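Quick note, the sequences are listed as chains B and P, same order.
Adding 1 to a residue's 1-based position in the first sequence gives its number in our numbering.
Adding 118 to a residue's 1-based position in the second sequence gives its number in our numbering.
Just so you know, the hints here were simulated from the structure itself, not pulled from any lab data.
These numbers were taken from a predicted model, which means no experiment stands behind them.
Yeah, the Cβ is synthetic: ideal placement off N, Cα and C, and Gly gets one too.
Incorrect hints may have been included.
Stretches of chain B that chain P covers, calculated by requiring three or more beta carbons in the stretch to come under 8 Å of a beta carbon on chain P [unchecked claim]:
1. 151-162
2. 204-215
3. 282-291
4. 308-314
Sample of chain P residues facing chain B (criterion: CB under 10 Å; computed from the structure) [stated by the list, open to error]:
5. Met119
6. Ser194
7. Ala258
8. Glu259
9. Arg260
10. Met261
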Amino acid sequence: MSGRLFDKVWERHLVAAPDGEPPLLYIDLHLVHEVTSPQAFEGLEMAGRQVRRPDLTVATMDHDVPTVNPLGPISDPLAAEQIARLRKNCAAHGITLHPLGSAEQGIVHVIGPQLGLTQPGMTVVCGDSHTSTHGAFGALAFGIGTTEVEHVLATQTLRQTKPAAMAVTVDGDLPSGVTAKDLVLGIIARLGTGGGTGSVIEYRGSAIRALDMEGRMTVCNMSIEAGARAGMIAPDDTTFAFLEGRKHSPKGADWERALDDWRSLVTDEGAVFDSEVRIDAASLRPTITWGTNPAQSVSIDGAVPDPDSLGTAAERHAAQRALEYMGLRPGTAIRDIGVDTVFIGSCTNGRLADLRAAADVVRGRKVSPSVRAIVVPGSARVKAEAEAEGLDAVFAAAGFEWRSAGCSMCLGMNGDILSPRERSASTSNRNFEGRQGPGGRTHLVSPAVAAATAITGRFAVPADLEGAR
Amino acid sequence: MRAVSRVDGRAVAIDRRDIDTDQIIPAAWLKRVERTGFGPGLFSAWRSDPDFALNAPAASEARVLVAGANFGCGSSREHAVWALQDFGFEAVIAPSFADIFRGNSIGAGLVTAQASEETVRALFTVLADDPQATVTVDVAERMVLVPSAGLAEPFALPDYARWRLLEGLDDIGITLRHADAIADFEARRPAWLPSSAPAAHISA
Chain B
2 MSGRLFDKVW ERHLVAAPDG EPPLLYIDLH LVHEVTSPQA FEGLEMAGRQ VRRPDLTVAT
62 MDHDVPTVNP LGPISDPLAA EQIARLRKNC AAHGITLHPL GSAEQGIVHV IGPQLGLTQP
122 GMTVVCGDSH TSTHGAFGAL AFGIGTTEVE HVLATQTLRQ TKPAAMAVTV DGDLPSGVTA
182 KDLVLGIIAR LGTGGGTGSV IEYRGSAIRA LDMEGRMTVC NMSIEAGARA GMIAPDDTTF
242 AFLEGRKHSP KGADWERALD DWRSLVTDEG AVFDSEVRID AASLRPTITW GTNPAQSVSI
302 DGAVPDPDSL GTAAERHAAQ RALEYMGLRP GTAIRDIGVD TVFIGSCTNG RLADLRAAAD
362 VVRGRKVSPS VRAIVVPGSA RVKAEAEAEG LDAVFAAAGF EWRSAGCSMC LGMNGDILSP
422 RERSASTSNR NFEGRQGPGG RTHLVSPAVA AATAITGRFA VPADLEGAR
Chain P
119 MRAVSRVDGR AVAIDRRDID TDQIIPAAWL KRVERTGFGP GLFSAWRSDP DFALNAPAAS
179 EARVLVAGAN FGCGSSREHA VWALQDFGFE AVIAPSFADI FRGNSIGAGL VTAQASEETV
239 RALFTVLADD PQATVTVDVA ERMVLVPSAG LAEPFALPDY ARWRLLEGLD DIGITLRHAD
299 AIADFEARRP AWLPSSAPAA HISA
């Protein structure tokens, strides 16, 4: 079925389609970080193989880097070893590395777009499931495991069975106070955690077109939480405006040539998808997860659901167990749930636009005394740009900790974790059991809701704070 | 990679769906730079519950894991596959698998046997009745067998995955047979596509 954005990008990367083997796809950009790469480099060296295209490989340190005093000695010896190993591997193979302390260090999925490395029509992979983020530019971008990382290092290709193409069409206007995060949580609630398995989602419709690039990245980022292989949004003038002038964006005549090409990267009129879901943007509300997977969510105006009210026995069982883990009772109003920690950051919501949205809410207000509140910019550049605007001062005056860039509490590898039974409002992407620390209880929210929640100490939206500055 | 044609052994049943890779191997374990030694971290949070299936005395001899749908969702960490293998598992039977987990498993030689919901429910029942039952996952025939219970049901496994498991093939070796096609492709790539200057391998 030709004529879909996904097919166009897929077909232009086919290197070979041998009989009886999955097609071989060329990879335009391979992002590498410290956690999923050491075993791949080791495998390469044991087989006596080279990195085929170090010039198409870019590395940084993000998953287990300290966010306090990042240039000091790393107290965790295992993290220090992984970081040292990445440095050594990049030097040995001539791979560009943005290490701790450099101006472009940060979460892989924040720095790729920021540097203009992520462009429409490209294939982008990384040993990280949130690589789907880059699909916001009309790239085909997906997460891979370490064996595949080694395969890409050695061959600059991947074997991939062609996924199905799913359309998620969101038409209409998002109500005031409803953000891209709420939009994608709404989509995941509709699809379920496995609803996108085997598919690449193209997000379409007027509500998607109206999003800025940061919002589109938030949506594509969480495609994996619905099980999808990737998420994509056709590039348009919003995309081109974001890319123009970035370090790795095409320049001069190349820019014009690239634009001509990129404008062709749309799904043609009349193309048919393998499946399609339609969502009315006006039906969406600020959304909060109550359970232990990202599909278990409810509106801010809602209450913790009663497992007995759910459809299937499996859903009831899962909800029961989730509520037990989360320490929640059915029927409790969401606004009555208090939190201990607020985390603003991650590849989902750690970009400048996210920090601005949160700062607008907390400006002139104080974090509730019972709440620990942390802001972790997605990259060193986001941090510097936020500081140039004075956002660090806004957060600090309100009582937030202002940290250095990294994945931090999204997955708690670097020591930024929740204690057992501690409850967080988090702008990250996963509320799995123990995700932010053993026994920790995570609720996924937008930056605006996280900020308002930090102020009240209970789940809140900015409108709830009216007048109370 | 070692060839796998059939897996025979005891099985452990975890009757939950959407088991994510954060449960299979928590992030604290991802700091190792080796592919081995992850077994003690397998389901480490859930193992604090003495009744958890993996704590049964016979579980350490198990070769087959039976679980609910959407097994391996979430993070792309291949460490989840290594942890299952390090513990002793050679096959997982579930009604469905997350895409990245399935790819990682085949790459590392762990069999992902996608059986019907009915087959998986039947296995849960059989294993509840007889936790010692020998379960066979026959990769060549794509069949799950529990002779003691008279169970013999098919499972799905893509042809290419089956071939790789049976032959124990190195994927990179297979791909490098197409080195000329890769080089031809590279010669045709548009000039504007981004690349980093190879000389500047450490940025300022």
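Here is how each hint holds up against the structure:
{"no.": "1", "hint": "151-162", "in the structure": "holds (count 8)"}
{"no.": "2", "hint": "204-215", "in the structure": "violated (count 0)"}
{"no.": "3", "hint": "282-291", "in the structure": "violated (count 0)"}
{"no.": "4", "hint": "308-314", "in the structure": "violated (count 0)"}
{"no.": "5", "hint": "Met119", "in the structure": "9 Å, holds"}
{"no.": "6", "hint": "Ser194", "in the structure": "4 Å, holds"}
{"no.": "7", "hint": "Ala258", "in the structure": "16 Å, violated"}
{"no.": "8", "hint": "Glu259", "in the structure": "19 Å, violated"}
{"no.": "9", "hint": "Arg260", "in the structure": "16 Å, violated"}
{"no.": "10", "hint": "Met261", "in the structure": "22 Å, violated"}
In summary, the structure is inconsistent with hints 2, 3, 4, 7, 8, 9 and 10 from the numbered list given earlier, while agreeing with the others.
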